[in-house]
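Novice: Take a look at the letters that make up each chain.
2 protein chains.
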Amino acid sequence: MSATIIDGKASAARLRAALAEEVAEFTAEHGTPPGLATILIGDDPASAVYVGGKQKACAEVGIKGFDHRPAGDASREEVLALIDELNADPAVSGILCQLPVPDHLDGVELTNRIDAGKDVDGLTIASAGRLALGMDGLRSCTPAGVMVLLEEQGVELQGAECVVLGRSNLFGKPMAQLLLGANATVTMCHSRTRDLGEVCRRADVLIAAVGVPHLVKGDWIKPGAVVIDVGMNRLESGLTGDVDFEAAKDVASAITPVPGGVGPMTIALLLRNTLQAARAQRRATFPS
Amino acid sequence: MSATIIDGKASAARLRAALAEEVAEFTAEHGTPPGLATILIGDDPASAVYVGGKQKACAEVGIKGFDHRPAGDASREEVLALIDELNADPAVSGILCQLPVPDHLDGVELTNRIDAGKDVDGLTIASAGRLALGMDGLRSCTPAGVMVLLEEQGVELQGAECVVLGRSNLFGKPMAQLLLGANATVTMCHSRTRDLGEVCRRADVLIAAVGVPHLVKGDWIKPGAVVIDVGMNRLESGLTGDVDFEAAKDVASAITPVPGGVGPMTIALLLRNTLQAARAQRRATFPS
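As you go down the protein sequences, you meet chains A and B in turn.
The first sequence: position 274 = 274 (my numbering), numbered continuously.
The second sequence: position 86 = 86 (my numbering), numbered continuously.
Bound conformation, chain A alone (with noise of 0.2 Å):
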């Protein structure tokens, strides 16, 4: 059997093509398009990367981009003031402030002062709270795209065995809540996890998440399982997941490939927020 491979990339372009549509709805219901600030401090360059890759998104699909480069010494309360001034603004739907912050900066601090409903990046404490209670809220982008990418396979996640591997707050955590939303078995393990393989070979769906190259063999795999390869790893023959691709694809029933499968999806599902946090904005403004 060779697995189905999931293309991401496809994926991605599809969703960012409705959400174009979406945007230009919301635009011509509202006179102003939904908006999303980017908050990059300093200079990092693979930070200037990503932050120009979001904004470059929002302009194709038609949200407005806000895109603040404070300089890299600016002190604590020059940028809360700035992410005050943006939470208050109602053509600023979503905020999401760059990680890494310098060191002189507490970046916990600094996303705790985005109010909940523009944390487009899912990372406040409020954001987890509501997902961990069950409450509607925005997600996480790389967990809430991998739930597109199941969806899309026509993956059933109800009663399923699911296994995520790996426990950040960032993806792992926030990727359990949302199967265990949609009625799965979740397993959370992780680099305490006495046999990972065991663990890992009773997953329906298996979801890997830790950066190591190739923790993932082959003999891990549940014949048939759905695996979703989240590592990004940057090794001197190129980037590369946590999975090992070439054994697994023999085993599993689909897989995604790194690059190409959960990576392109995280930008998609940025901009989704984004119009979601513009619409729950305008509800909370003028009730319907």
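Derived from the structure by calculation, the hints contain no laboratory data.
Just so we're clear, the structure is a prediction, and the values are computed from it rather than from any experiment.
Check before you lean on any hint, since a few could be wrong.
As the list claims (entries may be wrong) - Distance condition first, Cα-Cα at most 30 Å in a straight line; then the derived DSS-like pairs of lysine-lysine:
(1) 9/B x 56/B
(2) 222/A x 217/B
(3) 222/A x 222/B
(4) 9/B x 249/B
(5) 56/A x 217/A
(6) 217/A x 9/A
(7) 9/B x 64/B
(8) 9/A x 56/A
(9) 222/B x 217/A
Starting from the structure of chain A, add chain B where the hints point.
Specialist: Okay, now just chain B, sitting in the frame of chain A:
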């Protein structure tokens, strides 16, 4: 083999005795005791018993009780104003709003009006978010009580397979987070899980909280497992748990009875949370 019966009543008594000493030290140091405000809206007899028990427990360890009982037809605004007043009162270290509230009120809204620093039930969005993100904060009392029992039994959680049966906001979800924080491999299962027995049989530590009398059979338990029964089901024959205790005690290495297992821990942890909140408030006011 016959399991050790985990005596939660004795554990709770030990914890309360230790807390009484710590509260006395706190009071001597600060000239004022920690305070717990309870809000009981209306005169539901069961709720009145619960709140009475909490107030009595406070008095026994030297925590000052503030026993607020708005009438059953109290308006939303009245209750919110009361909570705001308690949030602002430095004599009040912790606040709990007894649930359920009368139908014209929204228990989620009222709970979330409580300042996160005084949320001794650990039920607010902020407390759930802080737990999910691995930040310090006030934890839901019953799961925190289970952690104390496991620690007292010397259960090694790191790398252990823990299965939590039930995914309520009040217990199952925070329980899973606490076990994950202790480096366990954690599976959350529930009514939609395909084969509950199979999942439970993997558990080194099995925690049941679903409210179905005797759902967990003897052959769902791995020989030597630790079994924690959080069920409190009222049958004609008396109070009974979610586990078939008679069958389980011949398989498990340790097990909590119902009653007298997890139950007594909850109020003890409420008292501990109140002291923890009082200390944190003092630190915030007078940084050391």
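Novice: Work down the list of hints and note, for each, if the structure agrees.
Specialist: Hint-by-hint comparison with the structure:
1. Simply put, residue 9/B and residue 56/B have alpha-carbon atoms about 16 Å apart, close enough for the 30 Å limit, and the pair holds.
2. Distance hint between residue 222/A and residue 217/B is fulfilled; the C-alpha atoms sit about 28 Å from each other, no more than 30 Å.
3. For the given pair, residue 222/A sits about 23 Å from residue 222/B by alpha-carbon distance, which is consistent with the 30 Å threshold.
4. At roughly 18 Å between alpha-carbon atoms, residue 9/B and residue 249/B fall within 30 Å of each other, so this suggested pair holds.
5. Our distance criterion of 30 Å between C-alpha atoms is broken by residue 56/A and residue 217/A, whose separation comes to about 37 Å.
6. Pair hint residue 217/A plus residue 9/A holds up; C-alpha atoms about 24 Å apart against a cutoff of 30 Å.
7. A distance of roughly 23 Å separates the Cα atoms of residue 9/B and residue 64/B; the hinted pair therefore holds under the 30 Å criterion.
8. Among the hinted pairs, residue 9/A with residue 56/A is consistent with the structure: their alpha-carbon atoms are about 16 Å apart, no more than 30 Å.
9. Straight-line distance between C-alpha atoms of residue 222/B and residue 217/A comes to about 28 Å, which keeps the hinted pair within the 30 Å bound.
Violation of the numbered hints given earlier is confined to hint 5; every other hint is satisfied by the structure.
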